[in-house]
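Enquirer: Please put together the full structure from these sequences, using the hints given.
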Amino acid sequence: MRIDREAQWHILLGGALLLSLLPIAFAIANSFKELSEAYNNVFSLIPEHPTIGNYLLVFSRLPLGQITANTFMVALAATVFKTVTSALAAYAFVYFDFRGKNVLYFILISTIFIPFTVTMIPNYLTISQLGFRNNIIGVILPQLSDATGIFLIRQAMRTIPRSLIEAARIEQAGHLKILASIVLPLIRPAVVSTGIMFFINSWNEYVWPVLILKDKVNYTLPLALQLFISSEGGTDFTIAMAVSVITMIIPLVLYLIFQRYIISTFTSSGVKG
Amino acid sequence: MKEIVFENVSKAYGKTTVIEHLNLTIRPGERLILLGASGCGKSTTLRMIAGLEQITAGNLYMNGQRINDLASGERNVSMVFQNYALYPHMTVADNIVYGLKIQKLPKEEIGQRLQAAVDMLELNGLEGRKPRDLSGGQRQRVALARAVVKRSDVLLLDEPLSNLDAQLRVHARKELVKIHQTYRQTFVYVTHDQVEAMTVGNRIALLHEGQLQMLDTPANVYNRPANVFTARFIGSPSTNILAAHYADRALHIGRQAVRLPEFWSAFLGQKGCRDFYLGIRPEHIRLERDRTDNVFSGTVKYIEEYGNRCGIYLDIEDNELVAIGDKADAWPGKRVSFAIDAAKLHVFDKQTKENIGYPEVYNEPVYQYKSL
Chain X
214 MRIDREAQWH ILLGGALLLS LLPIAFAIAN SFKELSEAYN NVFSLIPEHP
264 TIGNYLLVFS RLPLGQITAN TFMVALAATV FKTVTSALAA YAFVYFDFRG
314 KNVLYFILIS TIFIPFTVTM IPNYLTISQL GFRNNIIGVI LPQLSDATGI
364 FLIRQAMRTI PRSLIEAARI EQAGHLKILA SIVLPLIRPA VVSTGIMFFI
414 NSWNEYVWPV LILKDKVNYT LPLALQLFIS SEGGTDFTIA MAVSVITMII
464 PLVLYLIFQR YIISTFTSSG VKG
Chain F
141 MKEIVFENVS KAYGKTTVIE HLNLTIRPGE RLILLGASGC GKSTTLRMIA
191 GLEQITAGNL YMNGQRINDL ASGERNVSMV FQNYALYPHM TVADNIVYGL
241 KIQKLPKEEI GQRLQAAVDM LELNGLEGRK PRDLSGGQRQ RVALARAVVK
291 RSDVLLLDEP LSNLDAQLRV HARKELVKIH QTYRQTFVYV THDQVEAMTV
341 GNRIALLHEG QLQMLDTPAN VYNRPANVFT ARFIGSPSTN ILAAHYADRA
391 LHIGRQAVRL PEFWSAFLGQ KGCRDFYLGI RPEHIRLERD RTDNVFSGTV
441 KYIEEYGNRC GIYLDIEDNE LVAIGDKADA WPGKRVSFAI DAAKLHVFDK
491 QTKENIGYPE VYNEPVYQYK SL
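Quick mapping for you: the protein sequence lines, in order, are chains X and F. Heads up: the first sequence begins at 214 in the numbering used here, then just goes up one per residue. Heads up: the second sequence begins at 141 in the numbering used here, then just goes up one per residue.
Just to be clear, a hint being listed does not mean it is correct.
[Stated by the list, open to error] With a straight-line cut-off of 27 angstroms between C-alpha atoms, the simulated BS3-like cross-links for lysine-lysine are:
1. X/Lys-314 with F/Lys-155
2. F/Lys-411 with F/Lys-490
3. F/Lys-441 with F/Lys-484
4. F/Lys-270 with X/Lys-390
5. X/Lys-390 with F/Lys-244
6. X/Lys-390 with F/Lys-247
7. X/Lys-390 with F/Lys-241
[Claimed, not checked] What the simulated footprint calls covered on chain X by chain F, stretch by stretch (three residues with Cβ under 8 angstroms from a Cβ of chain F suffice, anywhere in the stretch; the number is not a length):
8. 394-405
9. 427-434
These aren't lab readings, by the way, just hints derived from the structure by calculation. All C-beta atoms in this analysis are idealised placements derived from N, C-alpha and C, irrespective of residue type, glycine included.
Expert: Written out as structure tokens, the structure is:
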């Protein structure tokens, strides 16, 4: 029976949803508990004696406002820059014909397979020479180039019927106009999800900032989080949860805002009858 | 109004040649049909005019100016694509005025042109819809509206009706002619449908494997095919082409022969034409019930029903021949006699497959270039 089938799916999906929300609820709940309560009853999702003491404590120990702002700046700069350049490069790879196009594309894509650890030391030396150590510019710079976005956006652009672009060319639309008024609106879901991926990757970046940043004022959130869960940082579990919540709250909110753009708008196009 | 001239134009993709030495002049304000089977190069020809395909060799002129390297947007042409190419994220109105906004026309002007196009193509009330909410016929009209608001000198149409069902197509055909009569642009119209070609065109350019076979009015293309290919391509069922022989004032097909009228024997004798391909349309073959003199005879192989009449496939001396006739006169296996209309014969050279011409008395109607 159809309805039973549907119900089964709903139950399954509902279960999956609960399972993925549980860690978030767990972190939020424990961040509002006192340490003793957390040790006694770690799985309860509603604190018996809710307290914001954990939050007050981390804010008093660290310039968390500044740290959050740093993280945001880094992630935003990397996301905007990479999304824009990826879209431009993808457009060129899809709609321009030039000598060596396929070779160049192949070279770019193969850079995706170079592990971070290989470029880590050369990058560190470069950034040091440039004098950007202990500076968020030094964190941002190596994050500005990435072929993943070119690949993802190019794949999406290739689904656009060529005649749409040709129709615009006949109307004397320039390439930037075509990109902005036709191509980007049609592949918006792909562009937004690429952007979200860039943002979250950059937001969670740990190893690189830890190499570059020395002063706590310049820290990003993953470094702050590490301060509270490492052996030196102590084992106050509820405080670690409070920092975790602060760390994930902004990407979560941004995701909620942008998720509606991910839902595909490219259903039935104006093409063909 | 612009004249478009192809001068020895060739187009190749790598080693594949699509168009070979095309020479073609499109007159200002005419409706020229590029007709041919798929892969014959007709769309490529159209796209070269639009500037969407690079020209490999030769020259393309528009109004005397060489435009080989002129960008699409600079050519002042508009185009209706086979798949309509409507922008799915824009409303009907936005689709129609997209180009006008790029040209930065004044707002009132854009509004007026939009309204005129919407009225003409009966799109009233649909302006705010997205293409996905339109029927096939409506999308086709939006694509047309987008092409006409530009008021360009040349309107290029790439199989604009091929995605419509048969009834809509007849209606849309008339609409296209109406649009042409309103704006008097040069129409270049690509189709593989000969009925569309005959009904819409002032002139037809028939292409085959990248080569121009014939360029003339629909009536001449039908009645005076320049070569075997044209004779076969135009008309359905297609023209019968048979190897034939002329001797002693008679037309021989295999061992059978019929006397030819004086004007034919004089003409063929004068041309010294003995072996040739004979072309005769199915509707110019008449089954004879009683007559036995001066007729051919053959065996009925197969009957095709068209509703108002039938296609009767005959075997004559191991040649297949199709005639239009009455089902009552024929059934498979029957031996029938048939006469061919001597005033409707076509004779093609055996080697070149070109039409050798017609006797002078033959020129009954004189087909003039249709006035616009």
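Enquirer: Decide, hint by hint, whether the structure agrees.
Expert: Hints, one by one, checked against the model:
1. X/Lys-314 with F/Lys-155: holds (20 angstroms)
2. F/Lys-411 with F/Lys-490: holds (13 angstroms)
3. F/Lys-441 with F/Lys-484: holds (24 angstroms)
4. F/Lys-270 with X/Lys-390: Given that 27 angstroms is the threshold and the Cα spacing comes to 21 angstroms, the pair holds.
5. X/Lys-390 with F/Lys-244: Holds, because 13 angstroms separates the two Cα atoms, which is no more than 27 angstroms.
6. X/Lys-390 with F/Lys-247: Satisfied, since the Cα-Cα distance of roughly 19 angstroms is no more than 27 angstroms.
7. X/Lys-390 with F/Lys-241: holds (11 angstroms)
8. 394-405: holds (count 4)
9. 427-434: violated (count 0)
Hint compliance for this structure: hint 9 is the single one not met.
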